[in-house]
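Protein chains in written order, with full-length UniProt numbering: chain A, 1 to 91; chain B, 1 to 91; chain C, 1 to 91; chain D, 1 to 91; chain E, 1 to 91; chain F, 1 to 91; chain G, 1 to 91; chain H, 1 to 91; chain I, 1 to 91; chain J, 1 to 91.
Where hints are given, some of them may not hold.
DEER-style ranges, computed between Cβ atoms [to be verified]: (1) Asp16/I to Pro75/B: 52 to 62 Å; (2) Ala21/E to Asp78/A: 45 to 55 Å; (3) Ala21/E to Lys28/C: 48 to 58 Å; (4) Pro12/I to Ala90/J: 44 to 54 Å; (5) Glu19/D to Ala13/A: 18 to 28 Å.
If you are wondering where the hints come from, they were derived from the structure by calculation, not from laboratory data. Ideal Cβ placement from N, Cα and C applies to all residues, glycine included.
10 protein chains.
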Amino acid sequence: MLFHVRMDVRLPAGMDPDERAEVLAREKAYSQELQRSGTWPHLWRIVGEYANVSIFDVADNDELHDLLSGLPLFPYMDVSVTPLATHPSAI
Amino acid sequence: MLFHVRMDVRLPAGMDPDERAEVLAREKAYSQELQRSGTWPHLWRIVGEYANVSIFDVADNDELHDLLSGLPLFPYMDVSVTPLATHPSAI
Amino acid sequence: MLFHVRMDVRLPAGMDPDERAEVLAREKAYSQELQRSGTWPHLWRIVGEYANVSIFDVADNDELHDLLSGLPLFPYMDVSVTPLATHPSAI
Amino acid sequence: MLFHVRMDVRLPAGMDPDERAEVLAREKAYSQELQRSGTWPHLWRIVGEYANVSIFDVADNDELHDLLSGLPLFPYMDVSVTPLATHPSAI
Amino acid sequence: MLFHVRMDVRLPAGMDPDERAEVLAREKAYSQELQRSGTWPHLWRIVGEYANVSIFDVADNDELHDLLSGLPLFPYMDVSVTPLATHPSAI
Amino acid sequence: MLFHVRMDVRLPAGMDPDERAEVLAREKAYSQELQRSGTWPHLWRIVGEYANVSIFDVADNDELHDLLSGLPLFPYMDVSVTPLATHPSAI
Amino acid sequence: MLFHVRMDVRLPAGMDPDERAEVLAREKAYSQELQRSGTWPHLWRIVGEYANVSIFDVADNDELHDLLSGLPLFPYMDVSVTPLATHPSAI
Amino acid sequence: MLFHVRMDVRLPAGMDPDERAEVLAREKAYSQELQRSGTWPHLWRIVGEYANVSIFDVADNDELHDLLSGLPLFPYMDVSVTPLATHPSAI
Amino acid sequence: MLFHVRMDVRLPAGMDPDERAEVLAREKAYSQELQRSGTWPHLWRIVGEYANVSIFDVADNDELHDLLSGLPLFPYMDVSVTPLATHPSAI
Amino acid sequence: MLFHVRMDVRLPAGMDPDERAEVLAREKAYSQELQRSGTWPHLWRIVGEYANVSIFDVADNDELHDLLSGLPLFPYMDVSVTPLATHPSAI
Chain A
1 MLFHVRMDVR LPAGMDPDER AEVLAREKAY SQELQRSGTW PHLWRIVGEY ANVSIFDVAD
61 NDELHDLLSG LPLFPYMDVS VTPLATHPSA I
Chain B
1 MLFHVRMDVR LPAGMDPDER AEVLAREKAY SQELQRSGTW PHLWRIVGEY ANVSIFDVAD
61 NDELHDLLSG LPLFPYMDVS VTPLATHPSA I
Chain C
1 MLFHVRMDVR LPAGMDPDER AEVLAREKAY SQELQRSGTW PHLWRIVGEY ANVSIFDVAD
61 NDELHDLLSG LPLFPYMDVS VTPLATHPSA I
Chain D
1 MLFHVRMDVR LPAGMDPDER AEVLAREKAY SQELQRSGTW PHLWRIVGEY ANVSIFDVAD
61 NDELHDLLSG LPLFPYMDVS VTPLATHPSA I
Chain E
1 MLFHVRMDVR LPAGMDPDER AEVLAREKAY SQELQRSGTW PHLWRIVGEY ANVSIFDVAD
61 NDELHDLLSG LPLFPYMDVS VTPLATHPSA I
Chain F
1 MLFHVRMDVR LPAGMDPDER AEVLAREKAY SQELQRSGTW PHLWRIVGEY ANVSIFDVAD
61 NDELHDLLSG LPLFPYMDVS VTPLATHPSA I
Chain G
1 MLFHVRMDVR LPAGMDPDER AEVLAREKAY SQELQRSGTW PHLWRIVGEY ANVSIFDVAD
61 NDELHDLLSG LPLFPYMDVS VTPLATHPSA I
Chain H
1 MLFHVRMDVR LPAGMDPDER AEVLAREKAY SQELQRSGTW PHLWRIVGEY ANVSIFDVAD
61 NDELHDLLSG LPLFPYMDVS VTPLATHPSA I
Chain I
1 MLFHVRMDVR LPAGMDPDER AEVLAREKAY SQELQRSGTW PHLWRIVGEY ANVSIFDVAD
61 NDELHDLLSG LPLFPYMDVS VTPLATHPSA I
Chain J
1 MLFHVRMDVR LPAGMDPDER AEVLAREKAY SQELQRSGTW PHLWRIVGEY ANVSIFDVAD
61 NDELHDLLSG LPLFPYMDVS VTPLATHPSA I
């Protein structure tokens with residue numbers, strides 16, 4: 001079941017550089033593990049913004065919330081979820 | 001080059017049923033031809049709305065505008081385009 | 001799997017009274033059938049508005065879109081869907 | 001008498017972890033007591049957000065404001081209240 | 001129990017003058033009856049707009065929705081309801 | 001001459017508790033003096049929000065601005081003023 | 001007492017040209033009479049829009065509403081009123 | 001003196017095709033004459049929308065308003081004007 | 001050439017009182033010099049807000065930007081500029 | 001391929017003056033290098049705002065994102081990108 005997710009990252013201005021590097025590294029590893037497992041099939045950067053558009057493929061709403069709220073950057077992001085259905089013209 | 005496109009369809013309330021059926025049939029054929037050619041790789045329905053989220057893969061901005069403004073439903077749609085870039089964590 | 005749905009009804013000003021009565025009767029029957037089956041467990045009127053807040057319990061996104069787009073009033077409604085997850089403090 | 005309440009939690013970035021844990025524990029206890037008493041019959045998490053949708057069942061507006069402004073997280077939340085009425089098609 | 005209600009009237013451009021005069025006369029009578037009974041204690045015009053701010057004093061949400069949806073102008077109005085509570089500094 | 005005023009209070013997260021208590025006490029005294037004099041005839045709490053809806057009765061715009069900008073909480077509030085006129089259906 | 005007023009004109013697409021010319025002529029005469037009397041001291045066009053920014057000088061809110069709702073174009077305008085006070089730095 | 005202008009075109013759904021073709025032809029001629037004279041140095045289509053972004057080079061605000069309100073499509077457009085100044089880093 | 005300017009002042013909560021007094025004194029002197037020279041012909045306070053509506057009379061866009069960006073309060077303000085033209089009904 | 005970019009700069013209130021001067025100098029050098037190379041053909045200041053409107057001429061979306069995210073002020077800016085196409089009336 002597919003969901004469209006937009007994430008806008010807002011890191012605090014005075015964040016400690018080491019803490020920042022560490023959370024970004026954990027975010028990358030977390031994201032790539034989900035991409036490899038097929039749960040996060042698409043991840044695109046929005047041009048000019050510290051934001052992404054993603055597609056998630058999950059079993060249900062609870063799984064999606066667990067994945068998103070487990071993102072290392074979750075406390076620093078605005079996340080917006082849109083459920084997707086099969087389009088009748090899709091081939 | 002990828003673009004994220006959201007299309008919201010707003011058909012006039014009193015549209016003639018035959019005209020409506022005809023434009024929807026043309027829209028479907030047009031869309032499926034672009035899907036087959038790889039130009040329109042993703043097309044999803046937004047749950048509960050007469051709207052879709054699409055990904056287009058085009059050579060440049062002019063090609064994208066020509067494709068979108070050529071949609072049979074173009075006069076009846078609000079279209080919003082977001083350029084996408086490669087995400088550094090994408091695998 | 002639960003979804004929060006808000007529906008705002010906007011019937012055309014000059015709608016034929018018989019057509020209006022007929023579509024409202026069909027809407028009521030459709031809604032009550034889904035309520036009886038457990039698919040539409042909550043339906044509330046928003047005070048002062050021709051709008052409702054509903055909770056749907058469905059198997060997946062496609063089932064929800066089919067139910068909503070099948071509403072007799074669907075062509076006359078703005079529908080907004082929010083996926084719900086289990087709250088960790090819910091009992 | 002039912003009210004629809006949406007709560008968005010915004011904890012300060014640099015909040016002391018112990019203070020944070022303590023206020024969250026108090027919030028959970030407060031919420032579960034109201035759920036057990038029947039005053040807070042529904043509590044759902046919004047997928048991907050630190051937010052919930054709730055239904056309250058109270059005697060009047062003053063009782064609702066007392067309950068909401070007494071939430072341990074109240075100073076850290078945006079709260080939006082919508083009064084609900086019986087829907088004529090509800091069974 | 002008090003509620004703050006804002007009503008914005010949008011009569012159709014080509015409305016028949018007699019129908020318009022008739023619905024406005026019914027609206028006035030309906031409003032004044034509720035004012036006399038104490039249910040609609042305040043009614044003010046917003047300067048420069050075809051809109052009003054009102055205070056209603058009702059037993060519960062259902063009574064308020066019945067009163068508002070019974071307004072002769074209801075099909076031509078946007079209505080927004082805000083529940084009010086006692087202010088701790090009010091005398 | 002009546003004005004509708006909405007005030008949303010936003011006290012800084014880390015405000016000193018004594019300073020906070022002191023400014024709230026001054027706000028209450030200031031407000032009650034204006035209520036007693038008839039200048040601030042209505043003051044209601046908005047349910048679930050640290051906000052109020054008020055009606056002011058003043059001689060002119062300058063008097064209203066002086067009263068509002070003199071509120072002890074003025075530096076911590078968003079204030080929105082709407083001028084009111086006599087409604088032709090008011091009794 | 002001064003008020004800032006913005007008016008956006010939205011004439012119906014299919015308005016009869018004679019009716020249009022007649023209402024515009026009446027609007028101009030009405031506006032110029034108020035300008036001559038000192039009640040409407042400033043009237044500016046917003047560049048690129050069928051809209052104006054105006055300053056009115058009136059005795060009270062009721063007078064302003066009477067003047068604005070009496071504008072021949074009032075049924076075709078969105079009007080937004082902002083009360084003005086003396087600025088402490090104005091000379 | 002430069003101005004940034006965005007124009008969104010909204011032709012009525014049922015516009016007569018000949019009238020439509022005629023107004024579009026006049027718009028094109030009007031636009032190209034201003035481009036040739038140097039008054040309208042840039043004109044770009046917004047991808048996916050019936051809208052453009054333009055730069056105008058005019059002597060003053062009055063000239064700009066005369067040019068824009070003289071556009072054959074002016075009655076069918078939303079126009080938004082932003083004044084531009086020299087940027088200190090521009091070469 | 002006239003421009004409509006709205007300025008909303010947002011001084012930081014913990015600003016040093018002396019620094020605050022000093023910048024406000026400089027702002028007042030700066031504003032009054034421009035008013036005396038005829039460049040800033042109107043300056044009004046918006047009732048209930050730390051904001052003003054102003055009219056500027058300048059030679060061109062660059063002069064206006066220089067004046068506005070030179071305001072001592074400029075780093076603490078949201079400024080919105082609207083170009084004005086002669087209104088055909090203005091006398 | 002052209003893109004319209006709006007950048008709004010929001011430097012933190014308490015930024016160190018030397019750090020501020022240094023990042024602004026780097027921004028200017030970076031911007032002027034791109035202007036000289038033809039990648040950033042237009043750069044205009046928005047009157048009254050710490051913001052600019054720019055036109056970029058790039059090979060593709062990835063190049064644009066690299067350029068924008070490499071701006072020394074990027075962490076302090078809101079950036080909004082709009083893809084542009086050839087306008088059929090442009091000469």
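Legend entry - Beta-carbon spacing of Pro12/I to Ala90/J - inside the hinted bounds 44 to 54 Å or not: Holds: the Cβ-Cβ distance is about 46 Å, inside 44 to 54 Å.
Legend entry - Status of the given 45 to 55 Å range, CB of Asp78/A versus CB of Ala21/E: holds (51 Å)
Inset, instruction - Just tell me: holds or violated, for the beta carbon distance of Ala21/E and Lys28/C against 48 to 58 Å? - result: violated (33 Å)
Inset, instruction - Determine whether the Cβ-Cβ distance between Asp16/I and Pro75/B falls within the hinted range of 52 to 62 Å. - result: holds (59 Å)
Legend entry - Satisfaction of the hinted span 18 to 28 Å by the C-beta atoms belonging to Glu19/D and Ala13/A: With Cβ atoms ~22 Å apart, the hint holds.
Of the hints listed earlier, the one the structure fails to meet is number 3.
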